[in-house]
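*Asks:* Sequence:
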Amino acid sequence: MKICQISPPFIPVSSSIVYGGVERVVYRLDKTLTELGHETSVIAPKGSKTIGRLYESINQTIHSPTGYCVDMYSVDLPSLYLRFEHMSEAVRIANENDFDIIHCHDENMLSHLQLIEKPSLYTIHSPPEELWQVDTHPKLFSQNLNISVVSKKIRDLFNETGYDIKYVVPNGIDVTEDYFSKEKAGYIFSLSIIAPRKGQHIAIDVAKYLGKDLIIGGNIGDESYWENKVKPHITDSIENKQDKLNSYLQLPKNSTKIVYAGALDDSQKFPLYKYAQAFLMPSCFEDPMPLVVIEAMGCGTPVVAFRRGGIPEMVTHGTSGYLVDTEEEMIDAVKEINKINPAVCREYCMKNFSARKMAEDYLAVYRDIIESSK
Numbered sequence: 001m002k003i004c005q006i007s008p009p010f011i012p013v014s015s016s017i018v019y020g021g022v023e024r025v026v027y028r029l030d031k032t033l034t035e036l037g038h039e040t041s042v043i044a045p046k047g048s049k050t051i052g053r054l055y056e057s058i059n060q061t062i063h064s065p066t067g068y069c070v071d072m073y074s075v076d077l078p079s080l081y082l083r084f085e086h087m088s089e090a091v092r093i094a095n096e097n098d099f100d101i102i103h104c105h106d107e108n109m110l111s112h113l114q115l116i117e118k119p120s121l122y123t124i125h126s127p128p129e130e131l132w133q134v135d136t137h138p139k140l141f142s143q144n145l146n147i148s149v150v151s152k153k154i155r156d157l158f159n160e161t162g163y164d165i166k167y168v169v170p171n172g173i174d175v176t177e178d179y180f181s182k183e184k185a186g187y188i189f190s191l192s193i194i195a196p197r198k199g200q201h202i203a204i205d206v207a208k209y210l211g212k213d214l215i216i217g218g219n220i221g222d223e224s225y226w227e228n229k230v231k232p233h234i235t236d237s238i239e240n241k242q243d244k245l246n247s248y249l250q251l252p253k254n255s256t257k258i259v260y261a262g263a264l265d266d267s268q269k270f271p272l273y274k275y276a277q278a279f280l281m282p283s284c285f286e287d288p289m290p291l292v293v294i295e296a297m298g299c300g301t302p303v304v305a306f307r308r309g310g311i312p313e314m315v316t317h318g319t320s321g322y323l324v325d326t327e328e329e330m331i332d333a334v335k336e337i338n339k340i341n342p343a344v345c346r347e348y349c350m351k352n353f354s355a356r357k358m359a360e361d362y363l364a365v366y367r368d369i370i371e372s373s374k
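Using this note's numbering, the letters of the sequence shown correspond one by one to residues 1 to 374.
Among the hints, erroneous ones may be present.
[As the list claims (entries may be wrong)] Calculated cross-link-like contacts (lysine-lysine; reagent style BS3-like; alpha-carbon spacing at most 25 Å):
#1 182 <-> 2
#2 357 <-> 166
#3 241 <-> 184
#4 31 <-> 139
#5 212 <-> 166
#6 2 <-> 257
#7 335 <-> 31
#8 229 <-> 257
#9 182 <-> 257
#10 184 <-> 351
#11 335 <-> 184
#12 257 <-> 184
#13 118 <-> 166
#14 184 <-> 253
#15 212 <-> 241
#16 253 <-> 166
#17 182 <-> 166
#18 231 <-> 212
#19 241 <-> 257
#20 253 <-> 182
#21 335 <-> 357
#22 339 <-> 212
#23 351 <-> 118
#24 166 <-> 335
Rather than coming from a laboratory, the hints here were simulated on the basis of the structure.
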């Protein structure tokens, strides 16, 4: 099958990005589909490094891949012009080449899908409040759209607003055995963009109450939140260190630490997952399907998470972690974390959330769309 993915215009697609959940999905899907024998292409900004053929849509990204904040909602004119150029080029490339299906991950492109003259799939990676609204843009939803989301919960939330979601395909990862360890260190880990909705302040409260070291990773997405709710509690920073794990292990052991690790690429974050006693995910919104949850489980590190969004479809309570509703329950769950078998945690994750399973699920969707378009 000849498959072309359209990535968002914000940062390049590659195996070494430090932020960008959607771009990671695009890369892993591109890689796995190629391994399964399909002819793949990706439409993405200049600087992307894909496995299949790369079609460069714009000659610069809207945001630096290591910048302070990836703001999808920026409305400055240069940013808008780059978005328009990206969408225009994506439509042109899609129509001028012999693809069997177009798989669009750029949520801005809903307004341009009807211009694509081939079978197409539009995957939503965001919650409903961040996307096009049916009552505001009714004409966009009068077209015959093939839409997928990454969790059943998000499907239900979208359908309540008037969407017609046909497919659910969970994200998948590829974590090698090298990043699995039965033996864990005493710290807990939290990784995501630093913003109120991701709840780093709750992770800090939990760690302090338990007297455990907490390593926080991620780009700063909200300066005020960082300055007022997170930074005052940071005891040590390893942001400028390349080897994050060993830099943490070399810190003095005479007190409980809240450590900021900064933005992390795969070579930096997976060792931290590997030896973490637990991974905390205190999301304060309907998080669709955070990749960090399955990345942690793939390393055999159990997850303690709030029961929000698609997370209950990812974490099996008592097998790969614990689902909780309050900060107090999160504290109690971390106390019980050693009851989770790391090997069982990893086995569960790789059975249900591997990159291969994601690719095979999407292939089934592609075939259904292509057949329906005949």
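*Asks:* Determine for every hint whether it applies to the structure shown.
*Replies:* So, going through the hints one by one against the coordinates:
1. 182 <-> 2: Cα-Cα ~41 Å, so violated.
2. 357 <-> 166: holds (19 Å)
3. 241 <-> 184: Holds - the C-alpha atoms of residue 184 and residue 241 are around 22 Å apart, at most 25 Å.
4. 31 <-> 139: Since the Cα atoms of residue 31 and residue 139 sit roughly 36 Å apart, the hinted pair is violated (cutoff 25 Å).
5. 212 <-> 166: Between residue 212 and residue 166 the Cα gap is close to 44 Å, so the pair fails against 25 Å, i.e. violated.
6. 2 <-> 257: violated (50 Å)
7. 335 <-> 31: violated (39 Å)
8. 229 <-> 257: holds (16 Å)
9. 182 <-> 257: It holds: about 23 Å lies between the C-alpha atoms, which stays within 25 Å.
10. 184 <-> 351: With Cα atoms ~22 Å apart, residue 184 and residue 351 stay inside 25 Å; holds.
11. 335 <-> 184: holds (14 Å)
12. 257 <-> 184: Judged against 25 Å, a Cα distance of about 17 Å means the pair holds.
13. 118 <-> 166: With a Cα-Cα distance of about 18 Å, the restraint between residue 118 and residue 166 holds, given a limit of 25 Å.
14. 184 <-> 253: With Cα atoms ~17 Å apart, residue 184 and residue 253 stay inside 25 Å; holds.
15. 212 <-> 241: holds (22 Å)
16. 253 <-> 166: violated (52 Å)
17. 182 <-> 166: Between residue 182 and residue 166 the Cα gap is close to 39 Å, so the pair fails against 25 Å, i.e. violated.
18. 231 <-> 212: holds (18 Å)
19. 241 <-> 257: holds (17 Å)
20. 253 <-> 182: Holds: residue 253 and residue 182 sit about 23 Å apart, inside 25 Å.
21. 335 <-> 357: Violated - the C-alpha atoms of residue 357 and residue 335 are around 33 Å apart, more than 25 Å.
22. 339 <-> 212: holds (18 Å)
23. 351 <-> 118: It is violated: about 33 Å lies between the C-alpha atoms, which goes past 25 Å.
24. 166 <-> 335: violated (40 Å)
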